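Participant: Put chain B on the given structure of chain A with help from the hints.
Residue-level listing of the chains:
2 protein chains.
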Amino acid sequence: MGRTTVLLLLLTLLTPGAAIRVPPAMKALSSLRWSTSFTSRGTVAKKYSIHYIEQKVNHFGFDADKTFKQRYLIADEYWKKNGGSILFYTGNEGDITWFCNNTGFMWDVAAQLKAMLVFAEHRYYGESLPFGNKSFTDSRHLDFLTSEQALADFAVLIKHLKKTIPGAKNQPVIAIGGSYGGMLAAWFRMKYPHIVVGALAASAPIWHFGNLVPCGVFMEIVTKDFKRSGPNCSETIRSSWDAINRFARTGAGLRWLSESLGLCTALTNTQDVQNLKAWISETWINLAMVDYPYESDFLQPLPAWPIKVVCQYLKNPSVSDAQLLQNIFQALNVYYNYSGQANCLNISETTTSSLGTQGWSYQACTEMVMPFCTNGINDMFEPHSWNLREFSEDCFKQWGVRPRPAWIITMYGGKNISSHTNIIFSNGELDPWSGGGVTKDITDTLVAITIPEGAHHLDLRARNAFDPTTVLLARSLEVRHMKQWIRDFYANQRKKH
Amino acid sequence: MGRTTVLLLLLTLLTPGAAIRVPPAMKALSSLRWSTSFTSRGTVAKKYSIHYIEQKVNHFGFDADKTFKQRYLIADEYWKKNGGSILFYTGNEGDITWFCNNTGFMWDVAAQLKAMLVFAEHRYYGESLPFGNKSFTDSRHLDFLTSEQALADFAVLIKHLKKTIPGAKNQPVIAIGGSYGGMLAAWFRMKYPHIVVGALAASAPIWHFGNLVPCGVFMEIVTKDFKRSGPNCSETIRSSWDAINRFARTGAGLRWLSESLGLCTALTNTQDVQNLKAWISETWINLAMVDYPYESDFLQPLPAWPIKVVCQYLKNPSVSDAQLLQNIFQALNVYYNYSGQANCLNISETTTSSLGTQGWSYQACTEMVMPFCTNGINDMFEPHSWNLREFSEDCFKQWGVRPRPAWIITMYGGKNISSHTNIIFSNGELDPWSGGGVTKDITDTLVAITIPEGAHHLDLRARNAFDPTTVLLARSLEVRHMKQWIRDFYANQRKKH
Chain A
5 MGRTTVLLLL LTLLTPGAAI RVPPAMKALS SLRWSTSFTS RGTVAKKYSI
55 HYIEQKVNHF GFDADKTFKQ RYLIADEYWK KNGGSILFYT GNEGDITWFC
105 NNTGFMWDVA AQLKAMLVFA EHRYYGESLP FGNKSFTDSR HLDFLTSEQA
155 LADFAVLIKH LKKTIPGAKN QPVIAIGGSY GGMLAAWFRM KYPHIVVGAL
205 AASAPIWHFG NLVPCGVFME IVTKDFKRSG PNCSETIRSS WDAINRFART
255 GAGLRWLSES LGLCTALTNT QDVQNLKAWI SETWINLAMV DYPYESDFLQ
305 PLPAWPIKVV CQYLKNPSVS DAQLLQNIFQ ALNVYYNYSG QANCLNISET
355 TTSSLGTQGW SYQACTEMVM PFCTNGINDM FEPHSWNLRE FSEDCFKQWG
405 VRPRPAWIIT MYGGKNISSH TNIIFSNGEL DPWSGGGVTK DITDTLVAIT
455 IPEGAHHLDL RARNAFDPTT VLLARSLEVR HMKQWIRDFY ANQRKKH
Chain B
5 MGRTTVLLLL LTLLTPGAAI RVPPAMKALS SLRWSTSFTS RGTVAKKYSI
55 HYIEQKVNHF GFDADKTFKQ RYLIADEYWK KNGGSILFYT GNEGDITWFC
105 NNTGFMWDVA AQLKAMLVFA EHRYYGESLP FGNKSFTDSR HLDFLTSEQA
155 LADFAVLIKH LKKTIPGAKN QPVIAIGGSY GGMLAAWFRM KYPHIVVGAL
205 AASAPIWHFG NLVPCGVFME IVTKDFKRSG PNCSETIRSS WDAINRFART
255 GAGLRWLSES LGLCTALTNT QDVQNLKAWI SETWINLAMV DYPYESDFLQ
305 PLPAWPIKVV CQYLKNPSVS DAQLLQNIFQ ALNVYYNYSG QANCLNISET
355 TTSSLGTQGW SYQACTEMVM PFCTNGINDM FEPHSWNLRE FSEDCFKQWG
405 VRPRPAWIIT MYGGKNISSH TNIIFSNGEL DPWSGGGVTK DITDTLVAIT
455 IPEGAHHLDL RARNAFDPTT VLLARSLEVR HMKQWIRDFY ANQRKKH
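Chains as they are written, first to last, in our numbering: chain A, 5 to 501; chain B, 5 to 501.
Calculated directly from the structure, the hints in this document are not laboratory data. Fair warning: there could be bad hints in the mix.
No copy labels: a pair is met if it fits in one copy or bridges any two.
[Claimed, not checked] No farther apart than 27 Å at their CA atoms in a straight line, the calculated lysine-lysine pairs in the DSSO-like style are these:
no.	residue 1	residue 2
1	Lys70	Lys138
2	Lys444	Lys173
3	Lys228	Lys444
4	Lys85	Lys163
5	Lys166	Lys70
Keep in mind it's a predicted model, so treat the numbers as computed, not measured.
The shape of chain A in the complex, shown without the other chains (with noise of 0.2 Å):
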């Protein structure tokens, strides 16, 4: 799986008729599973056990009775029995392997927390697949695939977990997730608060449903790391797709610009052109939400504070429309091209992994509809409006199902979630996604923590030390209510007895 779902979205990414089918920051959320990421390069390999779960393929309903196996991970290292803890990696798109391997922050807090770490692999996405093979061929196969079912399964894991493992039957569980990650967290405490005594929700869009943010907020965000990153940067990005777009006019136009912006692929047709700018504007996207302060090894690998070291190459939106191209191209080479390796740019590509995007694809044309506009104004993109029944067209077309755009909010609650408890939403002001993030407390103990200086969760990744105070600061007041809810549970449990 994986590239010709990557092209199928980019190829429907950006339409001519200025509407959006397949919004950007679907693909981008279909990209988050990048966002902890490192390559095995410079990460310590982590200690863990593997364990599958045999889980029902439908938690709410009994006709078809079929089971399938969940993958789990577990690492115990800094268990205590006595007074300890566990925390729980509330799986999402993608192999849980990764996200082990590069959540740090669950790793380095262990010890200090007693702490056993579980990551459990969310259904339809690396090995556990409720049909194997067949998981993704049509819409009755992947009619499992949804949220609710997703957090049934870890609540039977933990119900599991605590009859089998001894000694972890009397500890407080706590729900850890980022991204799609963090919205299963935060759901997870507000669906099952008898299972978990809190959650850590980092960068959790958990508003960017219906209308309850502004649909522009994710696109504002992208262009305001630019626009920060260096003079005239998110104005040049502007200005890039007019330029891209008189190119296009004629044959000769498109032939430079294959050339020039070294493409595997020549330009040959419109479609191309909307190919290619869709490309470009989700690289600047990724960039947004894996602005990191130090060089990482991701998509690709990257200098640290990459927008910086783009936007050195964008200085000038006034100069000639070549000249403005090149500059974009050379932009555009700090991210695919930071190791000097590639031969040439690849459109059909914005990720060098070979994780698929089918079942986010999926999630977001049936519950996790998450409308994005932009309009060129408070944005640096060409204008597009949400269009709904477009939308719903594409999906049916592709998954042969219709988005229920309304459907999460009714089941989530919306903005309307304060009479939960022990929730902490963690933001950085770089990332996005932070625009359908919670960022202001709604109560004592539903607590919002931003992170100026932060990208997409920040502060989920290891320890760093290039990491800002902004981060370190996060970090140590999440482990602060952690150590509450543990506290909590820990006394009201001896009040009983």
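Facilitator: The following block gives chain B in isolation, referenced to the frame of chain A:
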């Protein structure tokens, strides 16, 4: 529907192997529909309007986009757009017009709460059949009969009402239900606290699952009701089973039993005798549930405090078998022939309604797995242990599904529910279901109200001149809590603006 299923349930109610295949209380719960019932005699017709909402058959999957019409009723005579509220009846296993006409409490408090009354029919009951007359044909059609789907229906309906009824949008909604409907009310508040500000869960045995309470508690309370209602009453019933067994040994004995008990159909074999005992047991159970302080026209027309009347015939356990069973016959006649109209007793029926029990039988075989047992010592019944395996086999034979006894506890928290707020659990101490209910305060806002002289959700019934003081007190406490929730809601709303 109806008749054959009742027969079927009776046939499997008690088995020779001292095991309860389909436990008495499952049948008992399937009779709960009756427990707030009056016939039209003596009941003032309620004014309501009938509505239908298009609901997804499957809220938790996107493959089949099929919908069905859910019925609901609205009574808004006392509703005030300014400062009013919405009382939402979470319909349980029966026709909603019947619940509407017989939940007098809601009508009695509508004016003081300026409340709109909404009665939502539970899917697969009444007219709200997802697949019309095919709804019960097989496990595939029944696959969407779960409490989770029902709660989702309620949530979608309330969102719809708030959107479409001018003035409803910014009003607090309170969930109210009795018995299984009471469980739904409580669970609704737990899972959708953003939609209802609180819940009144009357006679809701939310702990009658797994081993949260001893499996014998239900029948012990039935027994207690008979014990307190007359000297030697429960002892006489306890003696009756062996008396029946002794008669059942010979053909002549069977003939004598059939005649002396005035049965419509003569007993001919062992299975018939099992059915007879099951039917008699069920009669005592039903009496315990409806032991109301005033005359009521219920399963059958009944006198006030019917168990007391029954016990007048059951004062002496030490008489001859023949005399004892003739006394039992007199006692049964109080229940089945108070009106004096019956020519014979039909052991395939304990109720006179045509309301079916198919839906509940399926639910009991899937999610609503309530263990029941008797030992003949703490209760007045023949000993029967709870045998999950046998129960599962019977469910598989009848519905093609198997129960998941742990699921409800995983889903709704079992006894670990203290993080929720604003739920009143009311229970009558005479009600056998109180054994599985919440009868002690859990927190300041998760409160228990017990009614010493109350049978099954007496508090939800219309006020009556013969209401004991304890139920008046319970109702006034309930109203006080509801008013507080409404005040809190409006206070929070003002704070926001």
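Participant: So, for every hint listed, does it hold in this structure?
Facilitator: Now the hints, each set against the structure:
1. Lys70 with Lys138: both (14 Å within a copy, 24 Å between copies)
2. Lys444 with Lys173: The answer is between: 25 Å across copies meets 27 Å, while 34 Å in one copy does not.
3. Lys228 with Lys444: Within one copy only: 20 Å inside a chain, 55 Å across chains, cut-off 27 Å.
4. Lys85 with Lys163: within (17 Å within a copy, 46 Å between copies)
5. Lys166 with Lys70: within (24 Å within a copy, 39 Å between copies)
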